[in-house]
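Q: The residues making up each chain are set out below.
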Amino acid sequence: MFWFGFLGNTHIPHRKNTAGMAAEKIAPPGEVLLPMSQHIGAPATPIVKVGDEVKVGQKIAEASGYVSSPIYASVSGKVSKIESYLRPDGRTVPAIRIVSDGEMTLSDDITPPEVNDLESLVRAVRESGLVGLGGAGFPTAVKLEGVKKAKIDTVIINGAECEPYITSDTRTMLEESDLIKEGIDTLKKYLPDVRSFIFGIEKNKPECIKKLKELFALDEAVRVATLPSLYPQGGEKVIIYNTTMRVVPEGKLPSDVGCIVMNVTSLAFMAKYLKTGIPLVERSITVDGSAIKNPKNLVAPIGTPIRALIEAVGGLTEEGGKVIFGGPMMGQAACSLDEPITKTTGAITALSIKESTEPPVTDCIHCGRCVEACPVFLNPTVFSHALGLEGKDERVARLEEAKLGLCMECGCCSYVCPANRPLVQNNRIGKAEIREYKAHLIELAKAKEGR
Amino acid sequence: MNEQLIITTSPHFKHPTTTQRIMLDVLIALSPAVIASVIIHGWYALVMIAVTTLFAVGSEFIFNICVKKTQTISDLSSAVTGVLLALNLPTSTEIWQCAVGAIFAIVVVKCLFGGIGKNFANPAITARVLMLLAFAEVAGGQLGGNPFVEGSHADLIAGATPLVNIDKLSPEMFFKVTPSIPEMLLGLRAGAIGEGCIVALVLGGIYLIVRRVIKWEVPVAFIGTVYLLSWLITGNALLALYYILSGGLFIGAIFMATDYSTTPLNRLGKLVFAIGAGLLTVLIRFFGNYPEGVSFAILIMNILSPYIEKLCAKRPFGGAKNEK
Ligand code: SF4
Ligand code: SF4
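Sequence lines, in order, name chains A and B.
Numbered by the working numbering, the letters in the first sequence go through residues 1 to 451 in order.
Numbered by the working numbering, the letters in the second sequence go through residues 452 to 775 in order.
So that you can see chain B by itself, here it is in the shape it has in the complex (with noise of 0.2 angstroms):
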């Protein structure tokens, strides 16, 4: 016999989960969502998110050179970045603005942090937040003379995202110019091309939730939160469904309240995370003079997260109080 044996401290056995396989079940969710942005938004979307994937993956790749890092793109997070990122930017971005906020959510947002599991904000998000305040093509977030949508499904929409709607009018004249619910339904509407298509999204939400990447509460609690606080305020709870169809809410609640890096450890922790980002989302939609508060919301929560986490770790079991 052989006398060379492998020599390891226990556990011998590993659950056959790696990081790559979860970001690979992320991208995979992501895939009826892409393919609902093509078919709704043209082609065009196709070259953003494209754009957006190779130039979050490419600069990772010479960001670990630069920096002589193992590489490390091949755990497929910055492709979930790229691909994120175009889903959630409006056909109206210009391509060099995708391959700008890319860059800036792998180098700045995540690499300069540490990489994978150590930055503190989402770096689709943050990115995403970024080129709202600073491209004006983004910030409208409408279907513009961009030459890749004409001909495309998204002509039949009508204008603006129903947020925008919902603000200047009444409800009853709301309801007659926004799109009905089935169409809200299917994504047939204005807004980033990849939060429109709710079943699309819902579908991937499920996948996760399936293969336990994700746990269920976060998203339900999210937009659980966002709808019961916008029936309350508005008194409509048909009105309160607009409110969770539109914007940026599922995608947000599916794809990036349930990040890693950037939300609690524990399951309580997680939890807390989404209500509050719920509860935020509200209180920027309405109160604040911005229409799209799910971003903003996210962000804000991605800084409390670790004192999230603290406040909301178990005691280990029959642990003594520490004396302080």
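Next comes chain A alone, as it looks inside the complex (with noise of 0.2 angstroms):
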């Protein structure tokens, strides 16, 4: 089967509004609150007790599986809490509240990691606390680790930023482009198997693609692809088919085709451990937003609370809106200010009452205008109404027929459609019941089993 040209299809705004301004480092936090759970995988363990000091760069919470990662003070001062958190997406994980001392002293186990294979590379960016800095949250350790199981020949280094507002990975690009170098040049010593190093940009990002043509002009295995302006160019299966014609199949990885992908401020950062030894305890974040009167690009401790980010830009011009963790199109709503940023944070925005507010929703007119929209050619009309089919067999069913798996969130259906139809929200729900019906049924071959 081919697919000609380009997968993404719609046109959003940009706003790209800070894509000029270098981030500001922001004065200390009072207090930050860092939860377990700011990665894919299972949520890591707390190492400290109520009470204890801690400094910047000091392990508060070891990675507690495979698939994990661990959490580092990023103020120094004491722990004040430990406590229970709602994430965004609904989940509740325990999370280290640190009362800072203002100082931020760093911790004195910081040292740079030895490497030099690609066994010790993979443990030290596991020990980095490195996670997918796009939004992902994917701990990078495990992506690099899949070099080992599959034929990996070609690493994609995203840097699409294809939201709304959104310029920290912007930022990276230009004023880290050294880290980016000496990154490509560490992925290239251990990872001898890989030919191509493609960066994935948007064609908005002109400086940006500029800068790297000419840091690899000399490179041949280094490509800077120049990705139309189309959402979601950031996605994934997207971004791995427009830079090298590949199609990851349903239910298989990147890793699969031989591809890894790797968000271009995550490759920054580990660079920079590979230097200096410090972990992740603070990230370039963009904040912005129709309710925002100075957007800027900040650079913040992790588990700054959003109020401090917001102070630090001077303040919402109306308040009330909505206040999203990452941009429009795929961020979560916050519920209070006093929600603190995590490692996969890459923007605050904020939208003023008018943004914020929702038209009503109408029926389907039957445009096709969310097919169109659909970068992987669902058909969002569909889940919506297999949801309303009687009986969970069938529901279920249909939804695994229409192929809603394929679904990564983007959200572009739920954006064209002009009746307002609640579409991905409707594949959030559609997703849930499915896991669900499967948990049930393998819960059921366990009781036949037992008898």
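These are computed hints drawn from the structure, not numbers from a lab.
Every residue, glycine too, gets a C-beta built ideally from N, C-alpha and C.
One or more of the hints may lead you astray.
Unchecked claim - Computed list of chain A residues with no C-beta within reach of chain B, every gap over 12 angstroms: (1) Pro46; (2) Val48; (3) Ser336; (4) Leu337; (5) Lys392.
Unchecked claim - Derived list of chain A stretches under chain B, where covered just means 3 residues or more per stretch with a C-beta under 8 angstroms from a C-beta of chain B: (6) 226 to 235; (7) 244 to 251; (8) 326 to 335; (9) 373 to 379; (10) 424 to 436.
Two chains, each in its own frame: build the complex with the hints.
A: Rendered as structure tokens:
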């Protein structure tokens, strides 16, 4: 089966107001809250107690499994509480609260890791606490380790940054190009099978494209691919296809088609960590949106409450709108300004009341816009229809037949729908239903065996 | 700071296009044809349009009240149906017939199937076809002794719609008695009030394409298919031009074959729909005993639309085959 042209078909506003603004470090916040789950996989296990003194970069929680990631203190101070934190996605996880002493004293344990082969690189990356900084939060070490199991010949560096407002990757590409180069050199050294490194960058960032092209002008193995400014270029399957023409089949991983996708800021961080040994304790973050007075790029300790960031950019123009972790297309709305940023928060977007208020949901007019917008050629109306069917078996069968599993929840369908149907929202409900159904089947099978 | 935040799930951005805006665009696109119909066919045309629109919107309003549904008339889709219906009727249609047609279109064809997006047949076309069958005045399609028409430009126009002439005359004779091509483009001919003025219809079509309300390939493929096949059958390129300019082909191809509810969702499906409708139009015109095939062709394709939609769906990206 052939597909022509690029995947991705939806024009969304860019609003990259902060693309020209270098990131500013914020003053240390009074306290930080570090949830134990800031990544995909098992939550980390706290290894500090209430009352412990901690320093910046000191490990406070251990990775608790293969797919997991350790967490480090992002300020120096005292552990004041270990509480439970309700994540915006509805899961509750333990979280460590640290009251800052305002000193930001670096931990004494910090030493650059020793890396001399793939094994030690993976170990170092695991220890660094690095997870996909683009928002996915998949532990980078696990990705790198995939090299052992599958033949990887291509590393794709994701610099698409396709969400409106967000420019933290843009700034990385402009300001930390040396680190990017070092990162590529490291990967080259320890992943000898990889023959090409491809940067995927949306064409609305010509400065980044130019900069990287210059940087790697003499390097045959590195290619800078210009992606169209059509959302969602940063989606993993989308960027793989648009840079390599490879199709990740249903139920498979990028490594099955010989690819690893890494966010560009993750790459730069990896290089920095190998040099300094300072684990992931801060990140760059874009604070923008229609309700932000002076949009800025900031560098803030992980765990900083949203409130501190918003204060750092001069406050809101209007209260009572929406505040989003990430960008407006895929980000999650925060319940309160006290919620902390995590490793995967690349932006805080605050929207005005007007932009936060959705138009009413009306009947589907069968216009086909959602079908045309879907980057992976699904028909979102089918899922919504299937959810209305009687009988769980039927519902699940219909959802699976229409390939709900391929939906990457990019939100294009809901974005374009003139009737404001909750399409991606329904898809999430559908996915949950399938999960539940499968879990139920497994339980039934177990019960049968037991008898 | 105010702690009350609005919480919803992503996406938090919305494209500004709404159903209402789309229908408003269609109404805007229809306005040249409306103006042309009044210039060519006189004030009675405006009366017809007003009546069908009023009754279309009114019957949806009353229907919604009766079944206790949230009011939907503000989406303007029933107004579109009303205007379209009138444009598809000749001035010989009585006022009460216009009203009956509009009520039928909205209540029976649209609302009883669940309202916007759920009807399988185009309301305006279905009502028109029914009226053709039921009312001799409509079927005649002639400018009759209607009091409103007197003194209007329509008086200048030679009797029948060209399609009727084509059947009866040799090509040479035909060109003598029918309007010239420029007259055809301007709509100086008999027939339904809105179907004649090609210039006005194309203007509206271009507007809809620019506004991304319709896909350009639908009218192009529909009209193109009719043209090519007519040329093939008659062997006369000029005559084929008459075939596409007469009857309700342009209004059908631009405004009816692009209706959302009654055509496939996917782009390929829309194209197949258009080509199929063109094919059927030609078959009905040349081999059926009815001179005007567009409405019937679209209706038949409406019925096939769900199947076309299924067959033309793209395979999900990377999706494995479903084992059956
Ligand atoms: S959210 Fe899912 S169904 Fe909707 S456009 Fe994205 S991938 Fe397609
Ligand atoms: S975009 Fe909305 S109105 Fe159009 S077909 Fe999809 S769900 Fe229906």
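Q: So, for every hint listed, does it hold in this structure?
A: Status of the hints after comparison with the structure:
1. Pro46: Holds, because the least Cβ-Cβ distance between A/Pro46 and chain B comes to about 28 angstroms, which exceeds 12 angstroms.
2. Val48: holds (30 angstroms)
3. Ser336: Violated: least Cβ distance 6 angstroms, not greater than 12 angstroms.
4. Leu337: violated (6 angstroms)
5. Lys392: It holds; A/Lys392 is separated from chain B by about 19 angstroms at its closest Cβ, greater than 12 angstroms.
6. 226 to 235: violated (count 0)
7. 244 to 251: Answer holds; 5 residues pass the 8 angstroms Cβ test.
8. 326 to 335: It holds: at least three residues are needed, and the segment 326 to 335 of chain A offers 8 whose Cβ sits within less than 8 angstroms of chain B.
9. 373 to 379: holds (count 5)
10. 424 to 436: Satisfied; 3 residues make the cut.
Going through the hint list in order, the structure does not satisfy hints 3, 4 and 6.
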